[in-house]
Amino acid sequence: MLKTFSIGGIHPEGNKLSAKSAIQELPIPKIATIPIAQHIGAPAKAIVKKGDEVKVGQLIAKASGFVSANIHSSVSGTVFKIDDVMDATGFRRTAIIIKVDGDEWLETIDRSKDLVTEITQTKEEIIKNIGEAGIVGLGGATFPAHVKLSLPPGKVADVLIINAVECEPYLTSDHRVMLEKADEIMVGIQILMKAIDVKRAIIGIESNKPDAIAHMTQISSKYPGIEICPLKTQYPQGGEKQLIAATIKREIPSGALPIEVGAVVQNVGSAFAVYEAIQKNKPLFERVATVTGKSLKNPSNWKFRVGTPVNDIIEASGGLPEDTAKIIAGGPMMGKALVSVDVPLTKGSSGLLLLAEEETARKDIKACIRCGKCVSVCPMGLEPYLLMVLAEKKNYERLESDSVMDCIECGSCSFTCPANRPLLDYIRLGKGKVGQILRARK
Amino acid sequence: MAGKKESTFINMVLVLFIITLISGVALGGFYELTKEPIAAAKLAKKLNAIKEVVPEFNNNPSDEVYKVGINATDTLEFYPAKMDNKLVGTAVKTFTNKGFAGYIWVMVGFLPDGTINNYSILDHKETPGLGSKMGAWFKQTDPAKEKSSVINKNPGKTKFIVSKDGGDIDAITAATISSRAFMDAIQTGYNEYIKNKTKEDISHE
Amino acid sequence: MNTKVLVAPSPHIHSGDSIQKNMYGVVFAMLPALLLSFYYFGLGSIIVTLTAVASCYFFEFSIQKYLLKVEPTINDGSALITGILLAFNMPANLPIWIIIIGALVAIGIGKMTYGGLGNNLFNPALVGRVFLLISFPVQMTSWPKALGFNTSYIDAETAATPLAIIKEGLNKGDSLTDLMAQLPSKMDMFLGSTGGSLGEVAGAALVLGLIYMLVKKIISWHIPVAIIATVAIFSGILNMANPEAYAGPAFHILSGGLLLGAIFMATDYVTSPMSNKGKLIYGIGIGLLTVVIRVFGAYPEGVSFAILIMNAFVPLINISSKPKRFGEKRK
Amino acid sequence: MDTIVITIIALCAIGVASAIILYFVAQKFKVYEDPRIDEVEEVLPAANCGGCGYPGCRSFAEALVKADDISSMNCPVGGAPVMAKVGSILGHEIKASDPTVAVVRCNGTCDNRPKTNTYDGAASCTIAASLYSGDTGCQYGCLGLGECVDACKFDAMYMDKETGLPVVIEDKCVSCGACVEACPNNILELRKKGPKSRRIFVSCVNKDKGGIARKACSTACIGCGKCVKECPFGAITLENNLAYIDYNKCKLCRKCVIVCPTGAIQELNFPPRKEKPVDKPAAATAKPVAKPVAKTAVSSENKENETTDNK
Amino acid sequence: MEYILIVISAIFVNNVVLAQFLGICPFLGVSKKISTAVGMSGAVTFVMILATIVTYLIQKYILVAFGIEFMQTITFILVIAALVQLVEIILKKVSPALFQALGVFLPLITTNCAILGVAIMTIQKDYTLLKAVVFSGSTAIGFGLALVLFAGLREQLDLVELPKGIKGTPAALITAGLLAMAFMGFSGIV
Amino acid sequence: MNNLQTFTKGLIKENPIFVLLLGMCPTLGVTSSAINGLGMGLATCFVLIMSNMVISMVSNQIPDKVKIPSFIVIIATFVTVISFLMEAYTPALHAQLGVFIPLIVVNCIVLGRAEAFASKNKVIPSILDGAGMGLGFSIALTLLGSVRELLGSGKVFGITLFNDTYGMLIFVLAPGAFIALGYLIAIINRIKKA
Ligand SMILES: Cc1cc2nc3c(=O)[nH]c(=O)nc-3n(C[C@H](O)[C@H](O)[C@H](O)COP(=O)(O)O)c2cc1C
Ligand SMILES: Cc1cc2nc3c(=O)[nH]c(=O)nc-3n(C[C@H](O)[C@H](O)[C@H](O)COP(=O)(O)O)c2cc1C
Ligand SMILES: Cc1cc2nc3c(=O)[nH]c(=O)nc-3n(C[C@H](O)[C@H](O)[C@H](O)COP(=O)(O)O)c2cc1C
Ligand SMILES: Cc1cc2nc3c(=O)[nH]c(=O)nc-3n(C[C@H](O)[C@H](O)[C@H](O)CO)c2cc1C
Ligand code: SF4
Ligand code: SF4
Ligand code: SF4
Ligand code: SF4
Ligand code: FES
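Chains as they are written, first to last, in our numbering: chain A, 6 to 447; chain B, 176 to 380; chain C, 8 to 338; chain D, 315 to 625; chain E, 5 to 194; chain F, 4 to 197.
Hints were generated in silico from the structure; no laboratory data involved. Source: prediction; values computed, not measured. There could be a bad hint or two in this list.
[Stated by the list, open to error] Pairs of lysine-lysine residues, derived as DSSO-like cross-links and limited to a Cα-Cα distance of at most 30 Å, are as follows:
#: 1; chain 1: A; residue 1: Lys371; chain 2: E; residue 2: Lys129
#: 2; chain 1: A; residue 1: Lys118; chain 2: A; residue 2: Lys128
#: 3; chain 1: A; residue 1: Lys25; chain 2: A; residue 2: Lys371
#: 4; chain 1: B; residue 1: Lys322; chain 2: C; residue 2: Lys152
#: 5; chain 1: A; residue 1: Lys67; chain 2: A; residue 2: Lys398
#: 6; chain 1: A; residue 1: Lys128; chain 2: A; residue 2: Lys285
#: 7; chain 1: A; residue 1: Lys86; chain 2: D; residue 2: Lys380
#: 8; chain 1: F; residue 1: Lys12; chain 2: A; residue 2: Lys398
#: 9; chain 1: B; residue 1: Lys372; chain 2: B; residue 2: Lys314
#: 10; chain 1: C; residue 1: Lys152; chain 2: A; residue 2: Lys302
#: 11; chain 1: D; residue 1: Lys380; chain 2: A; residue 2: Lys447
#: 12; chain 1: C; residue 1: Lys329; chain 2: E; residue 2: Lys171
#: 13; chain 1: D; residue 1: Lys565; chain 2: D; residue 2: Lys521
#: 14; chain 1: B; residue 1: Lys220; chain 2: E; residue 2: Lys129
[Said to hold, decoys possible] Computed Cβ-Cβ distance ranges for the label pairs, DEER-style:
#: 15; chain 1: F; residue 1: Leu14; chain 2: B; residue 2: Asn366; range: 56 to 62 Å
#: 16; chain 1: D; residue 1: Pro428; chain 2: A; residue 2: Ser212; range: 45 to 51 Å
#: 17; chain 1: E; residue 1: Lys168; chain 2: C; residue 2: Leu38; range: 34 to 40 Å
#: 18; chain 1: F; residue 1: Asn6; chain 2: E; residue 2: Ile193; range: 20 to 26 Å
#: 19; chain 1: F; residue 1: Asn166; chain 2: A; residue 2: Glu402; range: 52 to 58 Å
#: 20; chain 1: D; residue 1: Lys563; chain 2: F; residue 2: Ala119; range: 46 to 52 Å
#: 21; chain 1: D; residue 1: Gly525; chain 2: A; residue 2: Glu402; range: 44 to 50 Å
#: 22; chain 1: E; residue 1: Lys171; chain 2: F; residue 2: Tyr169; range: 51 to 57 Å
#: 23; chain 1: C; residue 1: Trp228; chain 2: A; residue 2: Phe71; range: 47 to 53 Å
#: 24; chain 1: A; residue 1: Leu443; chain 2: C; residue 2: Ile326; range: 20 to 26 Å
#: 25; chain 1: B; residue 1: Asn223; chain 2: F; residue 2: Lys125; range: 43 to 49 Å
#: 26; chain 1: E; residue 1: Lys171; chain 2: A; residue 2: Leu443; range: 32 to 38 Å
#: 27; chain 1: D; residue 1: Gly525; chain 2: A; residue 2: Met410; range: 40 to 46 Å
Every residue gets a Cβ at the ideal spot worked out from N, C-alpha and C, and that includes glycine.
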């Protein structure tokens, strides 16, 4: 029996269409639109102005608080304007728009392909440089990595867990990165281990990626302290709480962070980014994303520069299929639907999924038949049917006491409900309101 | 009108005193007034029940009642009915506690030889529509339902047990428990009647 | 971009599970028992089933359309289940007008009063059944014999059910051993051919349905297993305490509607608890009450009442037995 | 006769005894409770709607009795008359506040504001608003899912199926503010009812720059400022590309309505103008006019369900 | 054994509310929330036992002693009313917390026919004092059981959309009817 | 409010059972037949009229603290009186209604009207109010009794309308009382809305 988490979980169809497609490099766009808010926390502050010349890797917006991240230019050229442009949700937010001119990198960046295994920097330097490089979690949450690595005083970690689960259907970027950059990832992991001072790292990989498990197991033997932990395929194993429960059988208490049980979780992609930042001095301005969908001509994995319009990456994969009804940034379970293809790709873009109407359109909402399936699939042990009603009825007190804040928004409940109830929609609403109340109380 | 009275101690006690006084007078008065009619109504009820179950008589059976204790709390009452001083039948107030909901009180009239003349249910708590049907069930005249009737049958000769249990009387549909209980009441009444009959014969012949 | 793309919160895909799939799955699981009842009771059972189903559909449709003025949802399959289960709970010689009243009560009072599927507090089919049982005790408790296929309807020969035989006999004062001798063998009870309501004659067919539903993940094992185990244990204890007064576990499990109730009726989503812990409590409650009513109460059969009573406990069970939360300390 | 005497004695004894015991116990265990709470509660309309901001009429009564100054407290259902009564019970002077009514500050009908996307999520404005900017180019406007209508406990709102916008039924609106609270986009506002219910307000909340706003919606306020200049009473202010008319300063002269190039200013319940205003778009009349436009299947269906529910 | 039968009968078989129709007003009135239902049940239990004891003594030592049984109604209700008020006043002062939990229901209890009904029924049944206490206690528990169950059902109903005409009292009554119907399964146990 | 309205409001607009939901126990407990319902209704009516009358006469003389006990004594007196009268002249009905006769004392309508109306109004309106409420109560009880009797045993006021094999026993029993009243109120709600 493979390890997995014990409460709830679902088994959506994998649809990993692009798993066999090697990572390709996406052409540099003519105009790059780089939002100053690509992470959880305070938006960065632009430090360039209209007309400035910038190079690839140059800092163009500075972190503006503790939980915030630097933004670097992904292209070279001139700053065309700094303006409010439509973001993925249709709201207008500030972005730095750069007219591309050639591809001139900062000299400090080591562009060679050589593997550098020796870690020379100290713990403090590592964390500081990760921050400088603007690395955020690439698993989807885009939480600034240096913040996560700076353990709160009095807390000690004993294990680093690398999230290579990629439990979302369709997405394959982490999978491909593992197959193609295993050594770099291992070094990245060692850097992270040094940063948080642990001797043990566990890479959790789901069993639907047997090639990655085999390859990583083989490579990891060269690096001390790194174990591969194959996991039974089950969504949402990639959720950090579930991953920790699956790999080391510890459950994070409600409202607490992973460090409470001595663990720190990072995505494999993040580990690779850390490698590049520390060993190659390369800030985070490009990453790998999957472009996929059943009707898409070439589902594939692309390394792209932040700020490239979504449209470019779709065109490169064969163009927008006729039957596209929804464009999703991320996977089908947790991704965000885009209002338009004219928005830029960001650090958090792990994939782009094009779904046809029959696959994604919601069906008529029926009354809850109290089948309890949502309860049994909820990985947090919540009662989604109840939370939804309570949110509808604006009963925030009971929402709070029924632990609505524990919901990790994995969507298993909505996915499962035979009555097609928009459970998570309302739970999110309730979470928002309860969150406000909690904050007001403080 | 005068203003509201204050809630002083004296006021409170006084007012309550006056009210209870008046109501006491009224109640006591009404009690006295209705005592007679109530007693009369009760008597009439009993007499009616007796009249219903025995042949015509001209004595006052209530005056000649005799009681037989069955257990610590319950007694059977025997009302001899006489026509010109000749015993024509005896109304027995009998009971059972085997009903679906406890006690059932039955007035059953025996002819001097123990044959059942008629019966009437005095009190019961059986389910309406089920057990409560016993008031009419066991005196059906329809020849097809002859087996349900107890009228003109003698518990000494006929087996007063529901046919389901091997007896001779058909139980009320879906209320076998009540039927069994009814049989039990009749049987008890009959047994005591026979036991005491000799005694009575002596005393009244 | 010219096409108006859809925008919606995540998740963007759905399992494809639907109310219909579950409901028709249950109907499919009931087929073996249904066919077997046709075989055993003949024409009568077909008339009863058709009447019950047709009137359930009729009342569901007309109440929704003309009284509640909502879009009728008759093809979700729940009325079909209610109809079949109602028929399963009736003797095969029940007059048609009583069946129609039963369907009206089940759908009208039991379900539509609360606004329809998903809202009701009590199991509609059982509301209908118990209503009839109380209202028409005579007709509801005279069961035709299971004779193999036959065409007599109203005037079929009647026979008491095993439970009724035991209850009657014990009331009369007969000894249990004698009574047991009058009963069909355990194997017969499992395979059918005892008197009773349509759906309670063959344990094997019901168990087949259970297995199908478990495999298809329509229901979870908790409720049926809890009920059956509780009945087995509780009646076993009583039996051991006084073998002459109380029948043993095998008899209790195979007789009456216990399997029918445990498999198809206690598991009704709408009227059973949500969490697994809750389902176990609910099942245990049903098991205990069933035996108590059967052994001590006025009715020979207790499953229907036990389920209805536990239906009333469901809200309290739901409140007191939350699922185990992630990160909660195990006790 | 005996019975009567005993009856009287016994009854009197019990009656008097209970009176005496009660009296002494009541004396000994006295707890003070302000009797005015009951009085105030009696005056309140007992609608228990929460419009006052308290969980119910009783707790509002308690709060009123405790408060030193009740001028900021209001029962929207009972309105000024009730508050005056409360005031007289509690010995406070209440100055009559002007009656207010809810207005919808968006005229982005399906005609005026073309759709860019189709919303396919749960039928709740708040959910839609937390997800994205709405299915039109205007990120500030009405989302049309009717959360305000749901919030109204007095059946004073409905969704106009043709325009996709909510409509306030003035006579039924008690100005409780539930809709204002409910709307995530702050479209609704409680405004002075005005003499003969006449009101003028900017029916737009778009803060985008003129071009963007205009592109998204033909009747958006583009922040041109013409109305500000036109207003003889200085009632209009312009902030973030959006004009706002202060209803306490506005004298209902209707001059701004004429100058607004997009028809963003609405006038309600005025008699028709004598001379035709020069090339004015039709949008400035009392009710937003719009040709019926077929809306996309899913969202309109949800909406319809809700509107029928609330009628 | 006798006591066990009294208990079972009073709680399940002859449930005050569902079979005897006593105390329906509070049953319908204070069953909207489980927490209040629990409070009410506690208060009723307390008062019912207390009232039964007091009325029992009055019956025995005053009414019967003087041959004025016909005064039962008036004396009982007077005594119960005074008793409830007494408890209320004392509770308010002595334990405000308990008053918040139970006391607010006390005024409702005076006009609760279950209290008077049980007092009269104990006399009719000719119980001893101990049996009377057991009987009234179990009756109160039966009341509490019905009330709390019913409150649970109503809280559940609050979460769903009921048809217009049915919403409110009719739904409550019909649900009570179905609950009573389920409880008929207990009939015949004693 | 004129006297006519005082009288008629209890019949429909503020009908104690269908609208105010007071006095539910006798409503459900004794309505297994129409005649019982009517009898109970009239008995209550009597108590209501008399107590309303007396209370409206004396209420000004009663201090607040003993208001409730005094009212109760007055009401209980009339209840006992009607009980005597019924026992004497309609013994069968008296036996049928059983414990519900003394329980008129605690019927919320009686005390409720005393508190809410009689203690604040003059004698004539109080009598009318009592009569109206009492009549409304009686009508409701009779209606419910008729419905239950009809559905339960095919009779109304003892007159057979259809064969009792078609009667649904449950309506004579406890559950039927709740269910019948529930639907009656639902129907009345519906009619009132329309
Ligand atoms: C339901 C759910 C599923 C997730 N799935 C993945 C996943 O498949 N892979 C992943 O790397 N992170 C996933 N995450 C994000 C992780 O919880 C966590 O944020 C991440 O592993 C931390 O690493 P990072 O900061 O390097 O991104 C998921 C989160 C949730 C709530
Ligand atoms: C306010 C805040 C503070 C956080 N602090 C820490 C921290 O001190 N250490 C840490 O390991 N992660 C920290 N996190 C990161 C979260 O544990 C988690 O990795 C991140 O929210 C994304 O995880 P998810 O995608 O699984 O939700 C913090 C997150 C938030 C929102
Ligand atoms: C609510 C209820 C009331 C009942 N009332 C009676 C009754 O009054 N009399 C009776 O004999 N049985 C009554 N029964 C018992 C059943 O009808 C029992 O099955 C029957 O008496 C014995 O079965 P049989 O007569 O059909 O053979 C009642 C049962 C229930 C559940
Ligand atoms: C597993 C399962 C069991 C069901 N059992 C019943 C049942 O016993 N009685 C019934 O009326 N409907 C039953 N239904 C159908 C449906 O859930 C029921 O009518 C609802 O209670 C109506 O709201 C069942 C449905 C499922 C899926
Ligand atoms: S979205 Fe929240 S409530 Fe739904 S299954 Fe996931 S954790 Fe549970
Ligand atoms: S899965 Fe859907 S239908 Fe089932 S209980 Fe949850 S919300 Fe209700
Ligand atoms: S005005 Fe009403 S419909 Fe429009 S967004 Fe606000 S709440 Fe929604
Ligand atoms: S005139 Fe019209 S568009 Fe211009 S600011 Fe005023 S309201 Fe806005
Ligand atoms: S009438 Fe019984 S409690 Fe009100």
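Task: Structure versus earlier hints, numbers of those that do not hold, lowest first - done: 1, 3, 5, 7, 8, 10, 18 and 22
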